[in-house]
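Make the full structure from the sequences, and use the hints.
Sequence order for the protein chains is F and S. Reading the first sequence from the start, the letters are residues 166 to 513 in the numbering used here. Reading the second sequence from the start, the letters are residues 166 to 513 in the numbering used here.
These are calculated hints, taken from the structure and not from any lab test. Careful, some of the hints might be misleading.
One copy or any two copies: either way a pair holds, since identical chains are not told apart in the list.
In silico lysine-lysine, BS3-like type, Cα no more than 27 Å apart, as pairs [unchecked claim]:
no., residue 1, residue 2
1, K384, K471
2, K384, K479
3, K471, K449
4, K227, K447
5, K207, K449
6, K447, K479
2 protein chains.
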Amino acid sequence: MTSEYYNQDVHGPFDLFDAGDLELESGGKLRGLKLAYATFGKLNAEKSNAILFPTWYSGTSKILELAYVGPGRALDTDKYFIILVNQIGNGLSSSPSNTPAPFNAAAFPQISIGDDVRAQYRLVTEHFGIKRLALVLGGSMGAQQSWEWAARYPDAVARVAPIAGTARETAHNRLLAQTFIEAITNDPAFDDGWYADGAVHRGLRAHARVFAASGFTQKLFNTRGWAGLGFTDTEDFVAGFVENHFLPQDPNNLILLARKWRDADVSRLAGGDLAAALGRIKAKTAVIATDEDVFFPLEDIEAEQKLVPGSALKRVSSVWGHLALFGVDPAWNSAVDAILSGLLATPA
Amino acid sequence: MTSEYYNQDVHGPFDLFDAGDLELESGGKLRGLKLAYATFGKLNAEKSNAILFPTWYSGTSKILELAYVGPGRALDTDKYFIILVNQIGNGLSSSPSNTPAPFNAAAFPQISIGDDVRAQYRLVTEHFGIKRLALVLGGSMGAQQSWEWAARYPDAVARVAPIAGTARETAHNRLLAQTFIEAITNDPAFDDGWYADGAVHRGLRAHARVFAASGFTQKLFNTRGWAGLGFTDTEDFVAGFVENHFLPQDPNNLILLARKWRDADVSRLAGGDLAAALGRIKAKTAVIATDEDVFFPLEDIEAEQKLVPGSALKRVSSVWGHLALFGVDPAWNSAVDAILSGLLATPA
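Written out as structure tokens, the structure is:
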């Protein structure tokens with residue numbers, strides 16, 4: 166089942182970059198790491214027009230392409246060289262689901278946001294020879310990676326736009342991510358990660374349902390905001406949209422990603438001092454928050470934004486809440502495009 | 166285990182009212198229904214000083230007593246005769262956990278908010294001979310029962326104060342209640358409700374954790390708002406406070422209550438017309454909403470309040486969100502007491 170989902174037909178075309186062996190922050194090693202990525206537009210001679218856009222939880226480069234990239238968009242394929250990179254564990258890059266034994270499935274090492282960003286740095290600098298990215302952006306876990314990029318490699322990031330995500334996980338967000346993990350691991354078919362393909366469908370459905378109950382807004386459900394997508398009632402929407410999204414995915418992959426999400430913390434770049442870590446950022450910074458977001462509330466995002474010198478907080482709004490990221494609300498996407506266009510037009 | 170929890174030592178003293186056989190809205194019958202209740206203060210000669218206060222999800226009359234009742238409080242035991250009534254299925258009144266075979270456990274019939282209120286009406290009118298209650302109030306599922314009382318028996322309710330709850334479930338709230346149910350039923354030890362006592366502890370913990378992630382506010386976790394209760398970190402608080410609350414309870418009881426919560430709908434008193442159903446209310450009505458409540462958002466509560474002629478919306482606030490109801494935030498309780506005192510002082 167998962168092989169019918171994680172492939173070029175569904176998510177491609179994408180390329181694979183051999184990032185070699187990666188020493189992990191956890192102390193282990195990921196051998197022969199492959200990063201799946203897709204590019205759009207052309208890299209100019211000065212290599213000054215590159216944009217890096219890593220994926221969010223359970224997403225691949227394909228949804229980023231469909232929702233954010235194109236001529237006339239902020240991520241304009243006529244002007245920029247856009248690299249959509251799949252985070253480790255998402256099923257296209259090296260993941261529990263596509264790694265041969267002995268490091269497959271539950272034996273795949275735990276990855277951190279910092280591991281991802283160090284691997285992406287190899288792709289950007291070694292493969293493409295880019296010294297400084299015009300923009301790094303991402304939503305949710307993509308925002309976590311964007312924060313990490315700007316704080317870890319301040320000279321390599323001209324502009325950064327973390328969307329709907331924080332640099333350091335809050336206590337509540339950690340608890341929320343943990344409930345997503347437990348919805349899967351509580352399914353006895355999960356069997357410590359040594360399940361047969363497709364066996365954990367109950368856990369994946371449970372995960373989808375707790376995700377849906379907090380990922381969207383109350384108003385979306387109460388005003389039948391999903392009707393424009395052709396769904397007929399709450400159950401039809403939750404099954405047809407959210408369970409449909411998660412059911413073909415691999416449980417170990419999702420758990421790896423959710424743990425990475427849960428444990429994200431840029432402050433460890435400065436010994437636990439978040440202000441010092443964010444103070445390292447040299448990029449022009451537009452921090453984008455969705456007012457209705459329950460996963461990453463405005464208040465928490467704003468508290469971090471204030472720690473970044475010269476940054477701007479940009480508020481957007483959607484009845485889709487956190488999951489407006491999916492590209493389901495054209496008005497939200499237009500507002501984000503306008504912010505990104507403004508940021509890209511700012512000399513940096 | 167459950168017998169060590171649902172008893173007079175933990176939740177008493179309480180009395181049992183034999184409500185007889187109750188024809189259920191679902192079409193079935195509950196035989197020999199017992200309602201557990203506790204009273205405080207004295208009923209006056211005119212029987213005009215009675216207050217009815219039904220329980221919320223997973224609560225008993227004891228927590229209502231501890232958090233809301235006493236001399237000098239709005240529910241002043243020197244002035245009022247206060248009846249704290251346990252809803253059907255809460256483990257003290259007739260419930261899956263305390264009913265003998267064949268109607269025990271999973272064979273206990275499904276109850277509605279309307280069934281509860283009709284049974285409580287017998288207690289109030291037949292047992293106490295009260296024709297008109299000075300006040301009906303309740304929080305969360307208690308608010309659902311309060312709404313039902315005011316709309317079903319408009320001449321028997323002088324004042325009503327639904328706190329943090331709606332008269333008709335919204336689509337989102339239904340989904341949320343369903344995730345609580347599924348957290349329990351997804352535990353294979355649940356076994357369609359035919360588990361051994363204590364066997365469903367994993368499901369009860371999962372239920373507690375998804376409940377905690379949405380029942381409180383993000384800010385409570387992120388600012389360690391639980392520190393005043395002696396907890397040391399997020400896990401300690403979630404286990405020590407929330408899991409500790411649910412673990413001794415009976416899974417079938419909780420599921421019965423959550424289904425009752427999920428399906429509450431006063432509009433059925435007027436053929437599905439909510440405005441008509443709420444238009445029946447003659448009571449002086451103070452609708453109380455907690456600004457930070459995610460279970461029952463201010464917006465949804467206000468939409469219903471506007472349908473009640475002459476009613477007032479009263480907003481309160483707490484970092485504890487919906488679960489401020491528990492009596493953990495003295496400022497919230499003081500604000501609610503002031504609203505209730507004002508309502509009780511209003512001629513009706």
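ask   = Can you tell me if K384 and K479 fall within 27 Å by alpha carbon in one copy, between copies, both or neither?
value = Answer is both; intra-copy 22 Å and inter-copy 21 Å each pass.
ask   = How would you classify K471 and K449 at a CA-CA limit of 27 Å: within, between, both, or neither?
value = within (13 Å within a copy, 47 Å between copies)
request  = Go through the copies and call it for K447 and K479: within, between, both or neither, with a Cα cutoff of 27 Å.
outcome  = within (18 Å within a copy, 47 Å between copies)
query = Can you tell me if K207 and K449 fall within 27 Å by alpha carbon in one copy, between copies, both or neither?
reply = Result: close within a single copy only, 23 Å intra versus 69 Å inter.
ask   = Under a CA distance limit of 27 Å, which applies to K227 and K447: within one copy, between copies, both, or neither?
value = neither (30 Å within a copy, 58 Å between copies)
message = When Cα atoms must be at most 27 Å apart, do K384 and K471 count as within-copy, between-copy, both, or neither?
response = between (30 Å within a copy, 18 Å between copies)
The earlier numbered hint that this structure contradicts is number 4, and it is the only one.
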